[in-house]
Amino acid sequence: MQTTSPVLEAINLTKTYDYHVTALDNLNLSVGRGEIYSLLGGNGAGKTTTMNLFLNFIEPSSGKAIVNGVVTHEEPIKAKQYVAFVSENVQLYGQFTAVQNLDFFTRIGGNTHYTQRDYEQVLLRVGLQKEAHHRKLSGFSKGMRQKCGIAIAILKNTPAILLDEPTSGLDPKAGNEFSRLLAELRDEGKAILMSTHDIFRAKEISDTVGIMNQGKLVMQKSAEELKGENLESLYLHFMAGYMEETA
Amino acid sequence: MFSTLYQKELKTLLYSTQFVISFAIMSILVLMAFAVGIQNYRNARTQYESGLAEHKTQMEQNRYWQMVDQKVFLPPDPLSVLVSGVSNDVGRKVSLRTSGDLVAEDSRYGDNTLLAIFRSFDLEFMFSVILTLFAIVFTYNAVNGEREQGTLSLLFSNSVPRTTYILAKMTGVLTALILPLLVVILVGLLLLPIFGISLNGDDWERLGLIILAGLLHFSFFVLIGIAVSAVVRSSSASFLTLLVFWIFSVFIVPRAAVLIAGRAVDVPNSDEITAQKSRYRIQLFEEDRDKMSSFQPSQTKDMQAAMGEFQKMMSGLSEERQKKVSVLSQKLDENLMNRERVRDKVASMIAQLSPTAAFTFTVADLAHAGLGLPKTFLSSAKEYKNLFDSFISEKTGSKTGGMVMIFETSDSERPTIDISEIPVYTFQRSNVGSVFSKVAFGLGILTVFNALAFVIAAVGFAKTDIR
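Read top to bottom, the protein sequences are chains A and B.
Counted from 1, the first sequence has number 143 at position 143 by this note's numbering; the numbering is strictly sequential.
Counted from 1, the second sequence has number 125 at position 125 by this note's numbering; the numbering is strictly sequential.
Rather than coming from a laboratory, the hints here were simulated on the basis of the structure.
Treat the hints with care, as some may be off.
As the list claims (entries may be wrong) - From the derived model, a few chain A residues whose C-beta atoms are all more than 10 Å from chain B:
{"id": "1", "residue": "Gly34"}
{"id": "2", "residue": "Glu74"}
{"id": "3", "residue": "Pro172"}
{"id": "4", "residue": "Lys203"}
{"id": "5", "residue": "Leu226"}
To be verified - Heads up, incomplete: computed chain A residues facing chain B, CB under 7 Å, no partners named:
{"id": "6", "residue": "Ile77"}
{"id": "7", "residue": "Lys80"}
{"id": "8", "residue": "Gln91"}
Backbone N, C-alpha and C fix where the C-beta goes; we use that ideal spot for every residue, glycine too.
Build out the structure end to end from the sequences listed, making use of the hints.
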């Protein structure tokens with residue numbers, strides 16, 4: 001539930017590529033402290049484009065993405081101080097151990113005060129077994145790498161966290177652990193924007209759910225509004241509706 | 001931030017199995033180049049010393065100064081251990097017993113044609129061919145590999161300025177590759193005194209500059225590898241791009257430069273010039289033949305005096321002919337030299353579009369094995385010939401070369417000549433200051449290439465899509 005001014009905000013955010021391909025069309029959304037916002041949508045709906053705009057990996061054609069009051073394409077370096085990112089398939093340096101990767105990415109994130117003990121504690125918190133802490137990443141499964149990715153995001157300790165399909169490919173147990181962690185982070189006051197295909201998990205943990213199709217936010221409902229509603233039916237309804245419109 | 005990224009680059013390379021294996025191979029090859037160079041130098045030294053000794057033995061058997069067939073030998077240079085340049089193509093001895101042009105004979109490649117096909121395995125070859133290839137192998141996916149792997153997007157989700165990242169990447173990779181290479185080269189250098197190859201102060205200065213040129217050349221390929229990997233999206237495409245660039249830089253451009261310069265500047269064939277001189281010499285000899293056949297000694301009873309008179313006439317005619325031939329030779333040689341100079345200049349200017357050619361020219365000049373070596377040796381031999389001719393003139397009253405007829409009238413054994421009286425020939429090598437401008441130019445070009453690669457990497461990465 002949004003209680004204060006938004007930490008993540010998209011205002012009329014649009015991204016058009018060459019040949020007039022519109023990847024994102026006039027997106028407006030906001031995520032406040034202690035809120036989880038899930039973006040649902042099929043492939044090419046514009047979810048990852050939204051993430052990329054918040055991270056200034058690409059520049060908007062119009063509108064703006066704001067992180068903690070900083071417009072990302074105007075002050076990208078400053079904006080990135082306030083956001084952590086976990087991708088669909090976390091890739092770290094295979095030659096380094098989990099602890100070494102954490103050390104590197106937290107230092108890059110501007111946190112140089114952590115000790116080895118801190119890294120080990122966070123890794124335990126995200127569910128990575130102790131014996132894996134000093135093993136090279138090259139032998140890690142996707143689930144283990146995702147855990148390291150979320151550990152890096154926790155250690156960066158930013159007001160906002162972006163998660164791009166973080167549970168894709170995870171087994172149900174790992175998915176549940178992930179949901180538990182997200183709930184903890186929300187309780188710590190983080191603003192979390194997550195893109196996902198996982199309708200059930202989105203309904204389970206989100207405070208707000210948005211459905212995107214062809215670059216547009218076609219539905220946005222709070223958890224309160226979704227009570228008693230079948231999100232899957234809504235999802236299929238909106239996707240089909242837009243498909244019919246564009247047909 | 002920079003320090004963290006720099007350390008990461010160092011560790012990423014040093015911890016990788018690819019680095020360990022490649023570096024082990026590279027170390028073995030560099031040390032092998034030293035070992036081969038040392039062995040070649042020692043062989044050349046032995047050959048030089050035995051050539052001198054054999055020549056001395058032959059000379060000691062002479063009983064007439066007129067019969068002395070003095071030869072000068074080109075001593076091998078200790079720096080040929082590292083860079084053979086043209087030293088294997090240049091004849092190692094010049095016979096002074098000629099009235100014609102001096103010719104350097106018995107080149108190492110002439111002795112060993114197999115070596116001529118495969119050329120030398122020296123440090124110059126290592127730096128220009130092998131290490132450049134290693135540089136490409138280590139850097140072709142330096143940036144786009146991180147993008148493909150997915151670490152780049154995680155890294156740039158943090159407040160990392162692109163310039164800091166690319167600077168750390170370049171300095172980190174350069175340090176990780178150059179420092180171990182330098183250690184291996186230093187180990188190789190330690191082998192020199194161990195195997196009795198002594199270098200003087202000038203040699204050490206040249207050696208330092210050779211290594212500096214080598215490292216600049218190597219660092220260019222490292223930087224261009226990073227630059228291409230920052231600009232080209234996929235690592236397989238960047239590998240192909242770099243491979244094509246490597247082939248052009250190492251093989252095509254230097255050879256094409258020679259071809260283009262050869263076409264652009266018309267240089268007369270040296271055999272043609274020699275034949276022209278020879279025809280003129282024969283023509284003059286034919287003109288003198290009547291004078292020789294109509295020779296009448298003023299004293300017919302004293303055979304020795306008559307012979308002396310004949311010899312004097314022959315010397316006079318020979319001298320006259322020589323003067324005329326020299327005038328023509330000088331004219332033809334000057335024309336040839338001027339055209340060759342223009343051709344070489346055009347070739348080297350075109351070739352220096354390739355950093356490898358710039359490097360090769362620079363180190364060859366530093367190792368006394370540049371394009372000027374054959375001319376330097378011949379002019380040194382010519383200079384000595386003048387000294388030797390004066391010495392022989394003093395001894396015999398006639399010049400060296402040409403036809404000599406000696407009639408021995410007594411049965412008694414004539415004592416052999418004392419060859420210690422002959423002026424000693426020493427091949428004076430120039431000091432490093434004499435090639436300063438050439439070397440500074442070469443090092444300057446290599447520095448410019450490095451700066452260019454640096455700028456391409458920085459500008460290219462600033463515009464690249466890091467997703």
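Evaluation of the provided hints:
Residue-level check passed: Gly34/A sits 22 Å from the nearest beta carbon of chain B, beyond 10 Å. With a cut of 10 Å on Cβ distances, Glu74/A stays outside the contact zone with chain B, its closest approach being about 14 Å. No Cβ of chain B comes within 10 Å of the Cβ of Pro172/A; the nearest lies about 24 Å off, and the non-interface call holds. Against the 10 Å criterion, Lys203/A stays outside the reach of chain B, whose nearest CB is about 27 Å from its own CB.
With a minimum CB-CB distance of about 30 Å to chain B, Leu226/A clears the 10 Å threshold, and the non-interface call stands. Taking 7 Å as the C-beta contact cut-off toward chain B, the hint placing Ile77/A at the interface holds, the least distance being around 5 Å. Here the hint on Lys80/A is kept, as its CB sits about 4 Å from the closest CB of chain B, short of 7 Å. Satisfaction of the interface hint for Gln91/A is found here, the shortest Cβ-Cβ separation to chain B being roughly 3 Å, below the 7 Å cut-off.
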